[in-house]
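Novice: Below are the chains, spelled out letter by letter.
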Amino acid sequence: MSNVFEYAPAPESRNIVDIKPSYGLFVNGEFVDGHGKSFKTISPATEEVLSEVAEADASDVDEAVKAARRAYTRTWSKLTGRERAKYLFRIARILQERGREIAVLESIDNGKPIKETRDVDVPIAAAHFFYYAGWADKLEHSGYGTTPLGVAGQIIPWNFPLLMLAWKIAPALACGNTVVLKPAETTPLTALLFAEICQQADLPPGVVNIITGAGETGAALVGHPDVDKVAFTGSTAVGRAIAKSVAGTDKKVTLELGGKAANIVFDDAPLDQAVEGIVNGIFFNQGHVCCAGSRLLVQESVAEELLDKLKRRVSTLRVGDPLDKNTDIGAINSAEQLARIRELSDIGESEGAGRWSPACELPTNGFWFPPTIFTGVSQAHRIAREEIFGPVLSVLTFRTPAEAVEKANNTPYGLSAGIWTEKGSRILKIANQLRAGVVWANTFNKFDPTSPFGGYKESGYGREGGRHGLAGYLKEGV
Amino acid sequence: MTATALSTPADVTEITRSDASLRRFLHGLPGVDQVGAEQRAAGLGTRSIKTTAKEYALDLAIRMVDLTTLEGQDTPGKVRALAAKAMRPDPADPTCPAAAAVCVYPDMVATAKEVLGDSGVNVAAVATAFPSGRAAMDIKLADTRDAVEAGADEIDMVIDRGAFLAGRYLQVFEEIAQVREACARPDGGSAHLKVIFETGELQTYDNVRRVSWLAMMAGAHFIKTSTGKVQPAATLPVTLVMLEAVRDWREATGQMIGVKPAGGIRAAKDAIKYLVMVNEVAGPDWLDPDWFRFGASTLLNDLLMQRTKMKTGHYSGPDYFTLD
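Heads up: the protein sequence lines correspond to chains A and B, in order.
Just so we're aligned: the first sequence equals residues 2 to 479 in the working numbering.
Just so we're aligned: the second sequence equals residues 2 to 325 in the working numbering.
Isolated chain B, as found in the complex (with noise of 0.2 Å):
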């Protein structure tokens, strides 16, 4: 069956009734030639970016950012800091637009949501043993439950990268649908599930192809680079390789799926970058925060730096930007 060929959920059912069957539809995807993605990517980094092009890009890029806070001591007020900023990024500024959403361990989701209210700044609470994923089944669903309990708005999960290396492909993929499940809430709406891949150590990309074709099968809203904790991070061609399986998926299924690099994005220009590329690889559609998002904790500032400058004519120092 090839990959255009799948348009139904029984076409889903019968790609992954075993190991050996879904094996053989990943393997069947087209490979990803290296030097040539690679390539790609560079060429579309070289697109320049002037005036208008860039105050939208800029804008556009703040909505996109889920301020991330994933560190052993983070503490309430930091977490309650960082949500204040969400809201209001550039305090001296009210045409600065809102991030996203706020990313937080499971036991700050409470916290987070106390102040972001319904001020359409999701929580998103990384779940099922971040970072490593390395856990039994029962505790990443729970992890996921008391996350969804606690108010988050979107799951960001870690897949279990050793059963992927392993080729245990099914294992993934049942631990990915169940993981959707849990995002349930008693209302009947969900939380969206973003998936991690940790592309750093799935190292080829024709690895990140085939991780993405079976999160999307598994049910994930979002697919999603790195946790940030590993190196290299989200890259420009693993995020051209992603981006190019949400668009073919699209054209099998009609579905559209998003997509979130994540670590290692610090500087306005390199988030320009990621927006060309969503524009011309999956089209842009995708040039909305409901389906592109930067995981970042920096990068925010440095967008806020532009924006000034792009407004003022000149850089004002880094003391003129709120630290979290």
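Only chain A is shown next, with the shape it has when bound in the complex (with noise of 0.2 Å):
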């Protein structure tokens, strides 16, 4: 769309950011050279070389879990629930302080706009400190137990690379187990960062422990002899795999796992909301949600109208340089997850989906993907059943509740799933037959620290967040 007002870019400074050339593993309180190679991380937006981040093979696995085995024994779970709530409130707060940086180093890295980083990710990461903090001395009001379970072995996604670490580490600790936690490859920076911020919290050595690496390090993790608890978010596929490697062990594992989520759009919603919903549902962060509300189902009577303002207001979303505040779409995180976009698209459009995108110039650099409609899927659609993780929506109709309902189920996972109707008695008659962890009413893509999210079926099991999130870190009972 021509246009006369073009916002002039508005970038943030990087200047804020010292992002070192190379990084080793945060074992014991320390930064340690790892005995693996190391790899190279780069900014998704540019393809430029950040940093190179050390490989942890197994020996250096071996060394963090014992590590977080001393630190567990010798001091963490000797000190009183409200001792370990200071070094939480220290680190949420620490969190708020650097919160600009955080944001910067994130959106660097990952690829997704400032503006998210800035308002979504950080400050719900600091939150999630926070309420874990009030747990840490009230866990025999939490109907779980106090007893920690030792050492967690956390692994954790590219997508919200600080936010997950906030919902694995705050809770871990808060109960007081360490943990020993692998970032994804492709985002290590901010966990590097928060390990910096363990140091100026002066937590005790070895509570928290990160170390980088790939799919074998994870593994390594996962089938160490002495890590007590497995908390994954990630893929189905590596899901299964690791609860294949912890069966008949006595590990506890915790799973959140992908999505594809319904959300359903009555004749009687507010549809500009409703607009607005979608949009933030399937755009935010690039679609690169596990909980993303990837299948819109809108019912028949106003699906044209609907979709005729969901292609205006998609027209106005900015996609670009994700340190522009004015960024709404960012870079897609790499060029392996762009081509797995590229490819179901293009499988969408071959079974006869129509494609639909606005016109918006990407940047020749990078890794980039205009935010995408399929309009005419149906449930039979490989679109509108396989997770795309990235900003592609697929648009089916229905004609009654029931059929919504139905269709809206028809599928693999449960994460999440959004409702949009003015009246208040279908949302919840809708919301209790809904098989999904998470059901959204007139909003999507909500978070908060209070509030437990977790899937049914193929999206995994157990809970985070929430008084429920508790349970994954505590012997029932004890």
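Hints were generated in silico from the structure; no laboratory data involved.
Ideal placement from N, C-alpha and C gives every residue a C-beta, glycine not left out.
Zero decoy hints are in this set.
Incomplete in silico selection of chain A near chain B, CB under 10 Å: (1) Val5; (2) Tyr8; (3) Ala9; (4) Asp120; (5) Pro271; (6) Ala275; (7) Glu277; (8) Gly278; (9) Val303; (10) Glu306; (11) Lys310; (12) Arg313; (13) Asp325; (14) Lys326; (15) Trp421.
Hints given; two lone chains; assemble the complex.
Specialist: So this is what it looks like as structure tokens:
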């Protein structure tokens, strides 16, 4: 759209962050050289190499687990809840104080817009530490016991690197566990900055250990005999492998996996706000959201009107430099992910769905994909069944509430869903019929530390956040 | 009948056949979710506007100002001064554009017209028993005709909020339609009709959307938030709902209707937030004084101050800009 009002670029300064040319592993409170090779982390928006990061091998994993075990036995499990809370509160405050620095670093390493790291990732990450700091001295009221499990091996994905770290580390530490955490290989930098924050907070050595690496490192961590608990967020395929590898051991596991959420719009919905919710549901974080509203189910009688509004709205989305404060959609996190999004979108087209994207210029370097809407999608299309994990929306229609529920539940996944209607009784009725861990009503993609989050079916098991999030880190009944 | 199906004057005749049919239509419009609307407005308010875009926005905002004085104590002297300021807002800088209009009570129209002449700055008059709208219909119409005869280019009418809240939609519709007729000039032209809702009294966004459609069907050229005499006056979410209404109206009928937030917009920074909203909600076609106005008295000086800051790199004190 040609426009008389072209916003001038408003880039956030990157001078606030200091990226070192190389990083070691964070074990026992210090950065150490790993025994393995190293790998490069790049900016997805420019393909520029940001830093070299150590790849932890089995011996590094072993040292990290040992450090965590020592810290667990000697220090952390012996502290009172009140003492643990002090550290968690301190970390939360440092996250807020260094919020801008973290937001910029996250945006550079991940490719997501600064607007989202600044207004969503950092504040909610800090909120999780505050929230679980509050639980640390009140575990006897949790209903899940007060005894920690021991050493937690935690593996997090690349879509919300800092936020997923907070979701994992905050409840683990609050309950008295120590952790070895592996960030995703494409987005290790904020976890390494978090390691510095642990130092700054004087957290006892070994309570938090960060080991970087890819799949092999993760497998070594999951398979380590002295790990008591495995917490994983990521793809269903990897989650399945983890479940197999820990089967028969006494390790506790929580898995938060993929999703193919239905966002259901009834004909009496507040349409303009529903459009905002659809946009937020699928184009937030470039669609790299496991609970993204990737299947729009719209009642036939308003389908045309809603789609017109949606397309007009999507045409105003600004795609580009993640550090520009006016950017709505940033870069796709990696070349591999971009290839997958392209592949599935091409399949959608070849299966006969109508493909639409607004006219938007994409930068020449880096990994980019325009916001895309597929219309005329049916349940049998692959784009309606498989998680694309990108800014791609599949639109299906329905005629009756029963049909909407049937279609919404007809998926191997069950992480989240959305309902849009002005009728309160319908919200309650439909929400009860949907097999999804989270159901949003007249909103979408809202996260809060007090609210449990997790899936049904192939979306995993266990809950994170809220009181329920403590269950995964405590021995029940003790 | 859905909103998008509305495309001919015959449809409007059908809808306004009775109070019941009009109510059915207005209540059949999609609802407005309060939380969602306010969130969207807040989100648009965080756009970062820099340098060239800001220069453009400040000048555009100045061109959109309806410089307003609506006080019991208004004198011809004050109105003359205001009219002079509207033509040359910054006497020190000839590149500074003029305001869109001067907005006064009907008895001051002739005075304002005398100063403004053919300058291109319009005279807008509030009429129809402004600000409460509580008078007999013939008085409201006489008020309007007086202002038009005195040379008003634009009429800002208030609706009967009591009638609207009581559900007497047809009465509100007919009043607007009649005032629109009273805007006719002997030369065959017509003064532009701006319909003021006083959204602070209508309270809900659902009401704002319904009254917007009501006014557009009745022939409003512009829809306007407030008189400035009631708090809250213009807000970003209320303006958002009205911008969505004019956008949807154009989709349905092809006709463009203007939007005017009035009251409480004092800072250039806030004015720019409104422009961002116009741009992204209704579309860039509305970024023009013909289709978007600010009803304001103190906003202009802040716009001038920011404009000078952009040009010189430093702020001058308020004394460097004229009072009115």
